[in-house]
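J.: Start from the sequences and build out the full structure, keeping to the hints where you can.
Line by line, the protein sequences are chains W and Y.
Taking our numbering, the leading residue of the first sequence gets 1342, the next gets one more, and so forth.
Taking our numbering, the leading residue of the second sequence gets 1342, the next gets one more, and so forth.
In case anyone wonders, no lab produced these hints; they're calculated from the structure.
Careful, some of the hints might be misleading.
When chains are identical, the list treats them as one kind, so a pair holds in a single copy or across two.
Stated by the list, open to error - With a straight-line Cα cutoff of 30 angstroms, these simulated DSSO-like cross-link-like pairs (lysine-lysine) come out:
1. K1566 x K1587
2. K1431 x K1488
3. K1353 x K1394
4. K1431 x K1537
5. K1566 x K1581
6. K1488 x K1587
7. K1566 x K1431
8. K1581 x K1565
9. K1396 x K1431
10. K1544 x K1431
11. K1396 x K1353
12. K1431 x K1587
13. K1537 x K1353
Number of protein chains: 2
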Amino acid sequence: MNSIKNRRTIRKYTSQDIPNDLLNGLLEDAFRASTMGNMQLYSVIVTRDAAMKEKLTPAHFNQPMVTSAPVVLTFCADFNRFTKWCLQRKANPGYDNPISFLNAATDALLVTQNFCTLAEENGLGICYLGTTVYNPDQIVEILRLPKLVMPVATITVGYPDEQPEQPDRLPLSGIVHEEIYHDYTPDMIDSIYAHKEALPENKHFVEINHTETLAQIFTDIRYKKADNESMSATLHATLKAQGFEK
Amino acid sequence: MNSIKNRRTIRKYTSQDIPNDLLNGLLEDAFRASTMGNMQLYSVIVTRDAAMKEKLTPAHFNQPMVTSAPVVLTFCADFNRFTKWCLQRKANPGYDNPISFLNAATDALLVTQNFCTLAEENGLGICYLGTTVYNPDQIVEILRLPKLVMPVATITVGYPDEQPEQPDRLPLSGIVHEEIYHDYTPDMIDSIYAHKEALPENKHFVEINHTETLAQIFTDIRYKKADNESMSATLHATLKAQGFEK
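T.: This is the structure we're talking about:
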């Protein structure tokens, strides 16, 4: 399927809007993804309003796609709807715990990827914002997510106004294991990352950031230990506030 | 895209095997999914060996697809490979924490759904096994997953030997929210679940299980509070053992 094989993240969009019918059709088809016990443990918040995009932007570290895309979608793990149904039907729900969060997050992420595939197949471009789980507390407040609802993914969507190069990927043999996990030897690591390290743009990154290795760009600049620990604390606190930590 | 719109889970497979080239091609294309900072935080374990399938079956509550499918794929959140690369390149990794698990699980789940779409587009059928996160400790042991690797999804794959009915889905309006989350009133809950509750097969479930409501089938039989709490404890212990709880 060429739309998956040839895809690239799109961060610049034309001013063309996405009709509601098209958006809803794509979402409806995306909801055909596998879901635990057919419970559909997700909700999607559609942001089109400029003021709402402005509010969401800081939660996404001010990435410009949030305001420049015609549509921003926040996919949430949602056990609220199902729990309300149980309570209304004399059933005793028990979904206020970590495994239930993971189950609902899984449902939501499968739908997220399905939506991205369908959007791209229909000529749209998307950007996946990993920042959603860095500042979930802010997103919960802005989108007024009740207990048992937790944001897990944000996608900006629009018609592409750029055609960037496709990024590199690691060799298949570095990711796929036959029968058991074959742990990596130093030689394997060298070989798996050789192509990435040799790319001119990555050599350039190392040069302008004055690091010794490409890996240090990740550990010292982009995804730092201290940040991960601080974001883990926020994640934990937000899961607790949303009622998933019993 | 009709292969997504018309999909259904396939639990019965013909004896036809899946050629390695086809499987690897689908996986390679699936790895085009969005990935955090292009780190590709996942590994895939391919199970074809009958003895390995037998070993995995109890972890999946003896679901017959595990032994009857030609291929079983276990998708794992993997920060081991990346961390080894960092250590080998004088970089100080900090990915032994909950946010890093969630980031890697997200990467792995996007790839999982991409693989399912590509497999179905190529005439294969898949079944998503949610049991992976119920007994992750058993899977870690059988597949010999090292620290910073955690199984998050299992897919059985093969050529379909059945064409089941498509299951119901909730109405779109019950899942999609405009601008902010509009919490559900009792009337909305009634309306959202009306179709599901009226389905003859669901009325039949209620009858043969002697429950008063369909919701009770979920809370009292399929996804019980006590089970969720016990599985949450296993999840937590396994994440800790795999090094994601610092």
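J.: Determine for every hint whether it applies to the structure shown.
T.: We went through each hint and held it up to the structure:
| no. | hint | result |
| --- | --- | --- |
| 1 | K1566 x K1587 | both (27 angstroms within a copy, 11 angstroms between copies) |
| 2 | K1431 x K1488 | within (20 angstroms within a copy, 43 angstroms between copies) |
| 3 | K1353 x K1394 | within (16 angstroms within a copy, 46 angstroms between copies) |
| 4 | K1431 x K1537 | between (56 angstroms within a copy, 17 angstroms between copies) |
| 5 | K1566 x K1581 | both (23 angstroms within a copy, 17 angstroms between copies) |
| 6 | K1488 x K1587 | both (12 angstroms within a copy, 26 angstroms between copies) |
| 7 | K1566 x K1431 | between (46 angstroms within a copy, 15 angstroms between copies) |
| 8 | K1581 x K1565 | both (24 angstroms within a copy, 21 angstroms between copies) |
| 9 | K1396 x K1431 | neither (39 angstroms within a copy, 39 angstroms between copies) |
| 10 | K1544 x K1431 | between (62 angstroms within a copy, 16 angstroms between copies) |
| 11 | K1396 x K1353 | within (20 angstroms within a copy, 49 angstroms between copies) |
| 12 | K1431 x K1587 | within (21 angstroms within a copy, 40 angstroms between copies) |
| 13 | K1537 x K1353 | within (25 angstroms within a copy, 41 angstroms between copies) |
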